[in-house]
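Here's the letter readout for the chains.
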Amino acid sequence: MFFTRSRPKRYVFSKGIDDMLIGVYNAYLFVGRFFRELFRSPLHIRVVIDQCFEVGLRSLTLITLTGFVTGVVFTKQSRPSLEVFGAASWLPSLISIALVRALGSLVTALICAGKVGSSIGAELGSMRVTEQIDAMEVSAVNPFKYLVVTRVLATTIAVPILSLYCTFVGLLGSYMNVHAHEDTSFISFFENGFSTLSFIDLFTAVFKSILFGFTIGIIGTYKGYNATQGTRGVGRAANQAVVLSMFLIFIEEIVVVQVSNWIKFF
Amino acid sequence: MVEKHYIHHTINKEEKVISIREVYKSFGELDVLKGVNLDVYKGENIVVLGRSGTGKSVLIKLLVGLLVQDKGTVNVLGQEVSKLKEKDLNALRLRIGFSFQNSALYDSMNIRQNLEFPLVMNRKHLTKKEVDMAVDEVLDAVGLKDKKEQLPSDLSGGQRKRIGIARTLILKPEIMLYDEPTSGLDPITSTEINELINEVQEQYNTSSIIITHDLTCAKATADRVAMLLDGTFASVGSFEEVFAIQEERIQSFYNYNFVK
Chain U
1 MFFTRSRPKR YVFSKGIDDM LIGVYNAYLF VGRFFRELFR SPLHIRVVID QCFEVGLRSL
61 TLITLTGFVT GVVFTKQSRP SLEVFGAASW LPSLISIALV RALGSLVTAL ICAGKVGSSI
121 GAELGSMRVT EQIDAMEVSA VNPFKYLVVT RVLATTIAVP ILSLYCTFVG LLGSYMNVHA
181 HEDTSFISFF ENGFSTLSFI DLFTAVFKSI LFGFTIGIIG TYKGYNATQG TRGVGRAANQ
241 AVVLSMFLIF IEEIVVVQVS NWIKFF
Chain V
1 MVEKHYIHHT INKEEKVISI REVYKSFGEL DVLKGVNLDV YKGENIVVLG RSGTGKSVLI
61 KLLVGLLVQD KGTVNVLGQE VSKLKEKDLN ALRLRIGFSF QNSALYDSMN IRQNLEFPLV
121 MNRKHLTKKE VDMAVDEVLD AVGLKDKKEQ LPSDLSGGQR KRIGIARTLI LKPEIMLYDE
181 PTSGLDPITS TEINELINEV QEQYNTSSII ITHDLTCAKA TADRVAMLLD GTFASVGSFE
241 EVFAIQEERI QSFYNYNFVK
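Here the protein sequences come in this chain order: U and V. Position 193, counted from 1, in the first sequence is what the working numbering calls 193; the numbers after and before it change by one each time, with no gaps. Position 101, counted from 1, in the second sequence is what the working numbering calls 101; the numbers after and before it change by one each time, with no gaps.
Be careful, since some hints might not be right.
Pairwise CB distance ranges (calculated) [what the hints assert, rightly or not]:
| hint | chain 1 | residue 1 | chain 2 | residue 2 | range |
| --- | --- | --- | --- | --- | --- |
| 1 | U | 263 | V | 70 | 49 to 55 Å |
| 2 | U | 12 | V | 51 | 35 to 41 Å |
| 3 | V | 14 | U | 38 | 45 to 51 Å |
| 4 | U | 42 | V | 151 | 23 to 29 Å |
| 5 | U | 62 | V | 145 | 40 to 46 Å |
| 6 | U | 231 | V | 24 | 54 to 60 Å |
| 7 | V | 79 | U | 40 | 35 to 41 Å |
| 8 | V | 247 | U | 38 | 18 to 24 Å |
| 9 | V | 191 | U | 230 | 26 to 32 Å |
| 10 | U | 230 | V | 15 | 38 to 44 Å |
By construction, these hints were calculated from the structure, which means they are not laboratory data. Ideal Cβ positions, reconstructed from N, Cα and C, are used throughout, including at glycine.
Let the sequences and hints guide you as you build the complete structure.
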């Protein structure tokens, strides 16, 4: 199904631009195929659940640590500035807004892009170059459905859950720092923090995480599934999966923030 | 040299299981197959010989729809492969066993799971007991019953080849395709694999295409040999007939394999 340039007499633009456009077109076909296969049985639910655990367990330690440190450090660094204006009591609100609206999902997505995206790219790339994907195909098993759809679904489900967890751990770290300075109860910290958040903030955070999860899964599987040139290709697939996922995550972050701000404005 | 022992199997010259007509295949600038014609009869082992890069593996990948020819027809078990819809192609694939050059075992699964996989995915009505029995049967056929719980990385090259063959046998194929079954193996293990190919032919009554550049393997397993040179079959016949032809490239192929 993939488009390749055969017997090129001359390039339409230049080799680099032609290759890039072909790459974008192939990625479009890949995403299209994902949605077509998604709604065809069998769904391999068991594999999706296994992959969700894989994604979660692979990143949990790092996300816990990063989320906690982000909460503590962000609170510690913000306190002096707020104290100048006598607004230290706004700390829970400030940290909640920052973590829920941006940092929780962004930090989680970047960690998952590094850990999960590279791992998916390398795993599928290795399966491609050792003909394991071909072996699956000749056994009348749809490798796209079994390997790609299940992994993309898993990241799309697991990354939002991890994002919520990261946000919670970040708020916990922030609370511990606040509590060390002043006698604030756990409940009042969270009440204060969430009072400034709207439904659109929470919805945007979850939507963004779903989008990030999908991006990590689709890029990792696309790069791995189409890996070529032996072990070198496997390394390249893993590397490109991380770089491209992170790049797209940043672009998506900017776009979603803009759109949510417009929605709030109207 | 090991020669083929014709014991039980019979070749039905009336029934073609594979028919390849005027097949062309190119990759970019490179023309690999240039008008290939070949018939394989029921119960027959045909060995495709040729140097590396002559398109031997491409040829068998066309038979299972892993690649599609640019021109010509590939007919397997009465069906034109390139015209089949996905469902029909999968039904055809279940009747064909494909043994890969590097075995292509799923390295995240142990041997039992590797063997179960095609069965569990395609014969969902089977009970756990029936699946276990099928696994034991094919492991017995390849003589590796004690390796069930090991990972592919724990096995030797020859054992991996055997498990690769066992994985295809579990679906009881009518056609076997072997891609370089003896490459990278020592002479004794190669001989064992050759014997296994003949046993599979007799026990499972399969027709086979064996891709190789190993003449010992060809002589031990072939009912007929097809010599692929420059994208076409230069000669098809018995081992002796093919190498009796005084053509420089065929003779040099023979001489490089068997040092006189």
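_Hints violated by the structure (listed by number, smallest first)_ = 6, 7 and 8
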